[in-house]
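4 protein chains.
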Amino acid sequence: MAHPDFTLSAGPVTVTARTLAGLGSPILYHYDPEFLATFRRTQGKVGQMFQTDNDIILMQGEAIVGLEGALRSLITPGMHVLNLVQGVFGKGTGYWIADFGAVLHEIEVGYDDAVSPAQVEEYLDAHPEIQMVCLVASETPSGTVTDVAAIGPMCRDRGILTYIDTVSGVLGMPWKTDEWGLDLCVAGAQKCLGGPPGVALISVSQKAWDVMYANPAAPRDSYLSLIDWKEKWLGEGRFPYTPSVSDMNGLEAALDQALEEGIDAVVARHEAAAAVTRAGARAMGLELWAKSEEIASACVTSIRLPDDIDNAVVRDHAREVYGVMLSHGQGAGNLVRLSHMGPTAGGLHSVVGLAALGRTLADLGMSVDIGAGLEAALALLSTQRR
Amino acid sequence: MAHPDFTLSAGPVTVTARTLAGLGSPILYHYDPEFLATFRRTQGKVGQMFQTDNDIILMQGEAIVGLEGALRSLITPGMHVLNLVQGVFGKGTGYWIADFGAVLHEIEVGYDDAVSPAQVEEYLDAHPEIQMVCLVASETPSGTVTDVAAIGPMCRDRGILTYIDTVSGVLGMPWKTDEWGLDLCVAGAQKCLGGPPGVALISVSQKAWDVMYANPAAPRDSYLSLIDWKEKWLGEGRFPYTPSVSDMNGLEAALDQALEEGIDAVVARHEAAAAVTRAGARAMGLELWAKSEEIASACVTSIRLPDDIDNAVVRDHAREVYGVMLSHGQGAGNLVRLSHMGPTAGGLHSVVGLAALGRTLADLGMSVDIGAGLEAALALLSTQRR
Amino acid sequence: MAHPDFTLSAGPVTVTARTLAGLGSPILYHYDPEFLATFRRTQGKVGQMFQTDNDIILMQGEAIVGLEGALRSLITPGMHVLNLVQGVFGKGTGYWIADFGAVLHEIEVGYDDAVSPAQVEEYLDAHPEIQMVCLVASETPSGTVTDVAAIGPMCRDRGILTYIDTVSGVLGMPWKTDEWGLDLCVAGAQKCLGGPPGVALISVSQKAWDVMYANPAAPRDSYLSLIDWKEKWLGEGRFPYTPSVSDMNGLEAALDQALEEGIDAVVARHEAAAAVTRAGARAMGLELWAKSEEIASACVTSIRLPDDIDNAVVRDHAREVYGVMLSHGQGAGNLVRLSHMGPTAGGLHSVVGLAALGRTLADLGMSVDIGAGLEAALALLSTQRR
Amino acid sequence: MAHPDFTLSAGPVTVTARTLAGLGSPILYHYDPEFLATFRRTQGKVGQMFQTDNDIILMQGEAIVGLEGALRSLITPGMHVLNLVQGVFGKGTGYWIADFGAVLHEIEVGYDDAVSPAQVEEYLDAHPEIQMVCLVASETPSGTVTDVAAIGPMCRDRGILTYIDTVSGVLGMPWKTDEWGLDLCVAGAQKCLGGPPGVALISVSQKAWDVMYANPAAPRDSYLSLIDWKEKWLGEGRFPYTPSVSDMNGLEAALDQALEEGIDAVVARHEAAAAVTRAGARAMGLELWAKSEEIASACVTSIRLPDDIDNAVVRDHAREVYGVMLSHGQGAGNLVRLSHMGPTAGGLHSVVGLAALGRTLADLGMSVDIGAGLEAALALLSTQRR
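Residue numbers (my numbering), protein chains in the order written: chain A, 9 to 394; chain B, 9 to 394; chain C, 9 to 394; chain D, 9 to 394.
Some clues are possibly wrong.
[To be verified] Which residues of chain C face chain A? A few of them, derived with a C-beta cut under 8 angstroms, are: (1) Phe14; (2) Lys99; (3) Gly102; (4) Gly355; (5) His357; (6) Leu382.
Calculated from the structure, these hints are not laboratory results.
All C-beta atoms, glycine included, are put in the ideal place defined by N, C-alpha and C.
With these hints in hand, go ahead and build the complete structure from the sequences.
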């Protein structure tokens, strides 16, 4: 089977030729002065993306290495932790929290819904013992978002630590790490940034460092250790292990493009693409997965499928017959996802996704008004771009 | 400071244009059928490189993620482990072994020497309680090797598990995982293979899996877990986390080139390059770090420096004045390393390294017979290549 | 202005990542044995594409260097030449023929029509003095084709030389150089092949060589000389001038992909894409430029525009507002072209082109049934791909 | 046979990864606004390289297409032209001049010598009928240069037109088109610039345009026509034929690097590399081809071989046994060329070339003091770089 014509998946996403050129540029020794400069510049650019002056750690590995390393570093045995669950990643965070020895508190809602700031506020009022709040800003598997802009400052004001999984959040929503007082954020490069899939982007506040240093269970001399990076790299200029020179080159190229376009413009582009996709899907007669548009993610649009149509079959059919790689639900529910992340957020990419999905569903026997859907998407696009 | 003209470092190493093209090729979704096929093919090719039918695990991250994950998986609390120490990586393995809860036994020699099979045999005879032997096949920081071909079968015949750090060993020396009965081997792609720096290549025998599964301390639901890969990926075809599509493309390209050249030919090329480099260095009046040629690595040639010349200064001077990136000792001793790994193992690359080092040492006031050294290297090269 | 999201232009066309990797691969000396082998292999693959055993000449420059060089080589002063005119390139050929000293005969039809084999037969019957027939197999600017399969053998059987501009013809229609007895064919790499824009691909029969050698006006010691290539390169292995190593690498990569897919499959893919595009355009209420589907090209679909809509405005609007680069008429008439060549021939690329064009025309005030058009295109695509 | 380890040939030369990335970047339509901007920017940068405000024409094809096109445009039948001959390219220019209908005057010296400004002055004094002087600034096949800085102004002051083949001259020597009053200069991208091999870079003064426009024999409506470019592209913004988008991208990348380094710095780097190479060759006991260092080119160093050693054998041996692609004499004499152009001008590249050549000559039975030669080269390099 040949390469797909279009990859509109939930990440890793299609990246630009310039980012690919970064990934394919010559590999230098990691202590070459040129690479040391590249690594430091790239850290700074990640900080700009996060809108923070906090320390930036770039761990080598998929974003989850950062999520695990950071959580292990923060979770002090016996700590009271409130975890917000509205999707599969939030659910998984809860298992880790308990496993790492904390007292787990959870607010859980349906995977098509979002935990509200009011629910959090109420819980925190009733549980003054909470020391940390964990949340997933953007639940990629189901396409819903959490209101970090409200919950973040609420925790900061109460002196509660925040641990934020924003793997697909940053650039897919406004993100103000310092303004919102977020202590520890972990993002992936292979989502809205349109970067390579092998690096975890982490911002760490001084408060978070203090908790880690005081935590006897925090990993040290380990691949999962954030403290190693703080002490060896930030402190002494020695890498705790060899970073991927290629990933750094690809990452910097992706960051350069985002910064040249402007952080706000990138976020707006994702929001516009999501609006076009939702408009098209609704006009096609499809049902959006998210309970309301307010909580629908700007990076993926999840479509609820009828029970008799298997989401994996939809994905495979669109790939095989129309050459478009979509993402199915991966356990979040009987849904299929039209992604609009990175370079595919904008323009006719939404039309491509809608056409592939609409025609696939028609092929599978569902009644879909493809023409109306594509017209609606194009009509909205026409107003956006001029 | 511009890019160096030549990167002759101890890894990450210069890679070929074909490998770079792999790294820079379009990024597919990790569940795209094309990528699933790529991942499985690449596993098979790593198995060919290791000369094994054992399971192959490709963990996302620098090789050390595989070393740590595998050791944590194998080390059962209270287990008796013999660790062979002849360099900084072996020394570090010992710290981990103790830290992870085993009873640590060690044979340690100077970092310019190698633990001999006879020493191991004697120790094992005297300590029947040993359940696992850990060794570093190739100590990259100092450029010495361990006799795995002798020690591996010795352990296998006694029913003792083997854990082998062969990060820079595979392709830099003959490697027969199955013939020698090696249970767990971890290699890096960014050394003799000339691949990307972000992936750990691991072979696991059934015996090693049995030990892990029986080990309550083995990581599960963790980035460090080999069991996750066994159950989810090898078992169910689901990735425990997103692998780096780019790294896999680069890795497969590097493996294709090695397999097309022939595994034995690649090893022979490294050995020939090392011989040329040693001949040149000796004729130049330099002192090899390794006590004997038998234990000198084929992937890096370490040169012992006089006390009054700082190895970091040598490295920086060669980079700045001659545009050649060498590696210094990184804690292993006052040495500098001429590397010949991957695409730079062979031909005039050794002459480039020798010229840069010789002229640098002369610039720093040392008496070096540069002409004699380069002539000797070229004379040997002349006999090899025709 | 940023890069367009989609290039659906009439050539140079979007090329695959594999072809780009070829173009970006290291530059060797043109007498490096590796490059000599590449050049010779590539010649052979061009011959396979042309389906010929004739000599293949690869001239460095846009296809027109081959068209001019070949025509100057063949046109012997006083020669009687019949030129078929159904578009701007055919018209231009006529100017050259006269300018180069031949007696020009022409059959000319409207640029939305095609000269028929019957017209040619009648003319040849009436003019036995004709020594050469010149035709353009595929008029890219207007999107019509000529029936080479009928006219070629007709000329061969009468002993009349044929000079064929097939710049965008080969791979966009069945092509049997030897079976049809075509003497001199010139193709471009940047059209249906999806290759680089800097090389002219030429097949030359022995009969054509005989004419050139007998022609005192044939260029020699000139960039335009085919005889130089025959004598120096094919005869002595010396290049008459330095070929572009990069273009050859890109060309071979493109040829490899076409040959792996299969020549017939590539042609069928172009025909299928054209059928989808035409079905969509008609259902949208647009008027095809070509008088009949039989003479409509499989590489570009030309749409006739109302007089009050300027084709250049359409092109610019689609590019600026929808990020799709289409081609306008370039002098052939008030038309716009949806191209489906190379990698963009197939799948949803036609839907992208139709969506951009349909919405653009709506934006410009034309009444267009976008939904019906896209539905019709998708419905046909659905039957093709399963 | 695999790729060579090092390409130190006389062009096409090794180019940087950044230039390769340019060549391999996505292909846009030639009328895409982005590409139009690229083309115009690149023209401007070529003008900076030439240090001129004259018109810049970028013809698609190897540099010789520019040489031929320009000469055909300038040579008016009956014109008196003085041609300076000191190598094979100058000799060839003379054949063209006569062939194109001019009255040919020549000053010819041995191919290891240079025509002096005094000889030119004397000839011009004696022949007031001369209307144009033609010269080759850098004879690549033999590695000698002509004193353009003296001859150019001498012609300008007498109102004589100048036609300069500077294919390997620009960036390999100081170049002041406007200051020296040079009317028509043709350079190649694949020499000292380290660019792609498929484009001719031409500067044209108003006086040269006037001559062309007045010349009835100047090519028009032809691939060789400069007037077409002037009228269509410079005048109307229409390309006379499709330029190679890939070559332009590669060319701009190469120009950017040269301009970032600084034109004077690039020239100085070539001169320094040539000095190192000559010092090494002499100390090795080899004989330089050029009669004096003053006329030795900074882009290639030609070494005179003994009669019993065939220069083609030397080239093939160095390539096969040492993996270094050198250039042989190509008809200029029994010489071999060590090139130092573009990215290989500088650093240890000269040592690589000298080592390969020295050891090759030793292998072929010649007495060579390799060690002394490499030491001398390194000693000079040591003084240059600090």
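Structure versus earlier hints - violations, ascending order
Structure breaks hints 2 and 3.
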